[in-house]
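Participant: Assemble the whole structure, with the sequences as input and the hints as a guide.
As given, the protein sequences belong to chains V and U, one line each in that order. Sequential numbering of the first sequence, starting at 1, is according to full-length UniProt numbering. Sequential numbering of the second sequence, starting at 1, is according to full-length UniProt numbering.
One or more of the hints may lead you astray.
Below, a sample of chain V positions facing chain U; criterion: calculated Cβ distance under 8 Å [as the list claims (entries may be wrong)]:
#, residue
1, Gln196
2, Ala203
3, Leu206
4, Gly207
Keep in mind that the hints were calculated from the coordinates and are not lab data. Virtual Cβ for every residue (Gly too), placed ideally from N, Cα, C.
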Amino acid sequence: MGRRAGTLVGVVVGVPLAVAEALALLLVWPPGARGRVLALLGRAEAARLARWFDRDVRDGAGRARFLAARAVTGLAGGYLIATPLFVGLLLLVGGIWQALAGEANTVPVVLPGIRILTSSATLGIANGVLVVLVALGVALGVGAVERRLTYALLGPGERERLRRRIDELASTRSGMLAAIDEERRRIERDLHDGVQQRGVAVAMLLGRARHSADPAAAAGLVDQAWTEARGLLDEAREVAWRIYPTALDELGLHAALAGVAERSALPVTVHHRLSARPVSEVETALYFVVREAITNAVKHSGARDVVVVVAETPTTTTVVVSDDGRGGASPDGQGLRGLARRVSALDGTFTVVSPAGGPTEITAVLPRADRAGDS
Amino acid sequence: MRIVLAEDSVLLREGLVHLLTDAGHEVVAAVGDAAALLDAVARERPDVAVVDVRMPPGQSDEGVRAALRIRAEVPGVGVLVLSQYVEKHYAARLLGGAPEGLGYLLKDRVADVAEFLGALQRVGEGGAAFDPEVVRQLLARTSHHDALARLSPREREVLDHLAQGFANQAIANRLHLALSTVEKHLAAIADKLDLPHDGDYNRRVLAILRYLEA
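Facilitator: Here you go:
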């Protein structure tokens with residue numbers, strides 16, 4: 001009710017303001033004066049919107065376009081409210097006057113199936129209340145129209161924008177934490193399933209060799225352990241590389257992507273069209289998008305070919321990874337979800353287009369941020 | 001002994017089969033997940049089931065759950081659980097019943113072939129085998145620090161071996177003590193910790209583990 005009452009007051013205050021705005025726009029002013037008057041009215045509008053409509057529009061309220069639209073809705077609204085209000089009050093006052101003065105007549109009310117005899121005073125008061133309520137309803141309607149108009153012409157206010165930004169940051173922040181945990185789980189699995197098992201296997205082979213009474217058998221076991229140990233080293237190197245490729249820092253995105261392409265089980269063509277090195281977090285995001293997309297293509301798509309394009313505009317850095325596979329990639333898969341979180345934490349957008357039957361196209365667009373003094 | 005082996009890493013499974021076979025045991029089934037393990041145990045009624053904790057499909061504690069089912073449903077089968085990490089929590093769950101024919105070892109211990117085979121033997125014969133690391137964690141987290149502080153260093157060593165599941169003679173051998181000395185230490189430990197003097201091996205191991213767990 002508080003908010004509605006506020007809207008009503010706001011609408012009522014808006015009517016004389018609309019008259020002033022119409023005059024300001026229609027009258028002929030000395031040079032320069034119109035601008036000052038419009039600015040003044042803009043401030044009044046902003047104050048009105050802040051006070052009764054909970055809107056924060058510091059800039060733009062003084063623009064002629066907004067004030068013109070406001071003048072029209074304000075005047076039309078004022079007329080639509082004033083007319084029923086006038087009629088209603090007339091009926092109310094008349095009814096009350098008759099009741100107090102005892103001048104009421106008996107009036108028959110005939111409706112289909114109903115026939116009532118009532119006094120003209122009662123009838124007047126009842127109709128008066130009804131029409132006044134209609135006027136209030138119209139006023140609330142005008143308030144709603146004004147709300148929408150303000151939003152359409154002035155956009156979200158500063159406070160609204162900040163609130164949205166805070167929501168967005170809170171959600172990307174928790175998304176980032178979830179992505180970090182997910183990543184750690186993956187690393188643990190990699191270590192557990194690969195490195196640790198091989199480590200145990202090597203130790204077990206050497207243990208059997210030590211335990212063995214037969215020198216020839218022991219030598220064979222040591223040989224096997226040696227082979228396993230080399231496999232263990234490969235595995236450890238592979239896991240370390242999957243966690244973070246140091247080539248990315250040392251040699252840059254182009255070289256790191258070339259490395260990914262070389263290791264891939266599918267032919268991957270990389271088109272690198274950046275004029276400068278992006279900042280580290282953007283480079284890392286681009287890199288992991290490409291790697292995950294290629295991993296997905298290799299695992300699930302049945303593609304024969306993958307194309308990676310890294311490109312830039314003055315404001316964005318974009319990577320597109322497309323394959324000619326059977327499509328159907330779900331953006332809710334663990335890997336892709338992690339990438340989406342990483343990209344949105346950098347205020348970027350991440351899209352997966354993968355209709356059944358293919359092809360799949362994964363795109364990440366990031367705000368451009370190049371390294372200082374690097375080209 | 002007849003052994004059923006459950007380990008999802010093919011590499012380790014094959015290694016363990018060789019190790020056990022070389023030692024003269026018979027691996028009657030080697031499987032890669034908990035469901036196959038339960039089938040094999042019900043079918044083969046082995047002396048011991050050697051069970052990896054982390055197995056498909058969930059890769060979490062399937063092995064522990066399977067071990068508990070085996071102990072509840074197929075009595076007489078020893079269960080030796082192998083784990084990549086020591087989880088006191090797993091140990092506590094496994095110790096819910098008697099420690100008879102129960103082992104819980106770090107996977108790395110298979111490298112120490114003689115120790116591993118010894119533990120397997122104990123479990124197969126109805127004894128207990130708990131990883132030194134499990135015992136270390138139990139000792140570190142127990143609420144009985146004051147009572148334990150009253151033990152002499154030698155008595156601490158004996159207690160440690162006792163909790164790992166070694167019998168008196170084995171403790172004597174490992175610590176290079178006479179059997180009578182070990183028995184004297186055991187009596188002193190029982191006094192100092194206010195535990196029952198009880199000759200029965202399993203009840204003694206259970207008592208000490210329960211004591212440390214509290």
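Participant: All hints are to be evaluated individually against the structure, with a verdict given for each.
Facilitator: How the hints compare with the structure:
no.	hint	result
1	Gln196	holds (6 Å)
2	Ala203	holds (3 Å)
3	Leu206	holds (7 Å)
4	Gly207	holds (4 Å)
Hint violations for this structure: none, all hints satisfied.
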